[in-house]
Amino acid sequence: MKRAHRRLHFAIWAILGPVMFWVLVLAITNRPSAPVNDTLPTQLIEEAS
Amino acid sequence: MSHDYKSVQWTPFKIRFDRWMLAGIALYLVLFAVIGEINQPPGESVHPVQAMIRATGTLAFLLLTFILCIGPLARLTDRFKPFLYNRRHLGVTTFLIALVHAALVIMWYHGFSETNPLVSVFISNPRYESLSGFPFEVLGFAALVIMFLMAATSHDFWNANLGPGLWKALHMGVYFAYALLVIHIALGAIQFNKSPIYVALLAASAVTVAGLHVITGFAAMRPSDRTANEGWLKVAAIDDMEDARAKIVRPLKGEAIAVFRDGNKISAVSNVCRHQGGPLGEGKIVDGCITCPWHGFQYRMEDGQSPPPFTEKIATYATRIVEGVVYVNPEPNPPGTPQTPSQIGASA
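Just so you know, the protein sequences line up as chains A and B, in that order. 118 is the number that the numbering used here gives the last residue of the first sequence; the numbers go up by one with no jumps. 349 is the number that the numbering used here gives the last residue of the second sequence; the numbers go up by one with no jumps.
Incorrect hints may appear among the rest.
Cβ-Cβ distance ranges computed for the label pairs, FRET-style [what the hints assert, rightly or not]:
1. 73(A) with 241(B): 27 to 33 Å
2. 197(B) with 73(A): 39 to 45 Å
3. 37(B) with 115(A): 35 to 41 Å
Calculated from the structure, these hints are not laboratory results. No experiment lies behind these values; they were computed from the predicted model shown. Every residue, glycine too, gets a C-beta built ideally from N, C-alpha and C.
Kindly produce the complete structure, drawing on both the sequences and the hints.
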């Protein structure tokens with residue numbers, strides 16, 4: 070691989086690597102939690118249980 | 002479009018490789034379906050089309066991960082060099098699997114409305130400001146377009162017409178396609194599927210691919226040991242030079258130099274193959290010719306010319322041996338210039 074391509078190759082990964090990890094961490098930490106049915110009144114739930 | 006080109010020939014090894022590759026793909030798809038069926042939670046059912054969407058999606062991503070690891074791994078160990086030779090077949094196959102994945106997704110999730118299914122991919126989910134609800138399918142589509150361009154131009158016809166430099170630059174698009182796919186999965190499957198296996202696989206893939214490329218890229222940019230002998234660069238002690246293999250020397254200026262040992266002869270040529278810029282110094286000597294590890298292009302040691310009927314030429318360099326140590330003159334000769342090899346055992 071030519072010297073110019075080697076530099077370009079390194080620069081691409083030096084940028085893409087952190088971008089991928091940043092999005093990956095954000096995506097994992099912002100995952101929606103399991104759906105909860107909050108339409109029922111708390112009192113009703115307690116009575117039922 | 003009358004540009005002349007010489008296609009890389011089919012060989013028994015390539016045919017065998019393709020058979021193993023297709024068998025592996027079939028095995029993966031069958032195992033994915035069987036294991037998915039066994040591990041299915043009670044009360045839940047996955048339609049065979051959905052199972053195939055997951056199977057082809059994961060397979061395409063794993064194959065792309067492997068393809069991107071081949072280059073750096075081949076620099077670290079010779080075991081991966083045979084894969085370099087067949088990387089293009091793997092790449093085109095990966096595109097076809099990704100295409101099946103995309104076609105199934107479009108048919109299954111966008112094919113039942115009155116909107117054009119392709120348009121629906123872009124407008125059915127407008128939540129571009131959301132992270133967990135981002136229209137991740139658009140990212141996969143963009144990656145597929147890049148992979149299509151690469152698969153369509155993978156033939157040597159395009160390499161000959163575009164030129165090795167432009168062709169190589171175009172094919173670096175695979176790195177962006179991979180990054181788009183990592184984000185596509187992170188904002189897609191990872192959001193819906195709580196299984197830690199998907200998170201672990203995605204993170205392991207991203208760490209491995211990016212890590213290997215950064216490490217080997219950094220090493221390839223570092224100039225070699227510049228211990229000079231009257232301006233000549235030190236290569237290695239003769240005893241450290243493996244027969245039919247090369248040591249790569251990187252001068253401060255100019256391209257890297259591949260210094261080969263063939264029995265008692267030492268010769269040096271440019272490390273850059275004229276075909277696609279492959280690293281000749283990572284190849285070996287076959288039938289007396291330096292053979293590129295990427296696609297098998299060959300050059301004679303003594304003058305850097307491809308054997309007839311081929312006409313490619315690369316630069317040669319003068320070498321000498323002083324007290325058991327090989328040195329190379331960093332000033333290149335014009336491509337195809339005959340250069341007498343240094344003889345091991347002869348006086349300097």
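So which of the earlier hints does this model not fit? none
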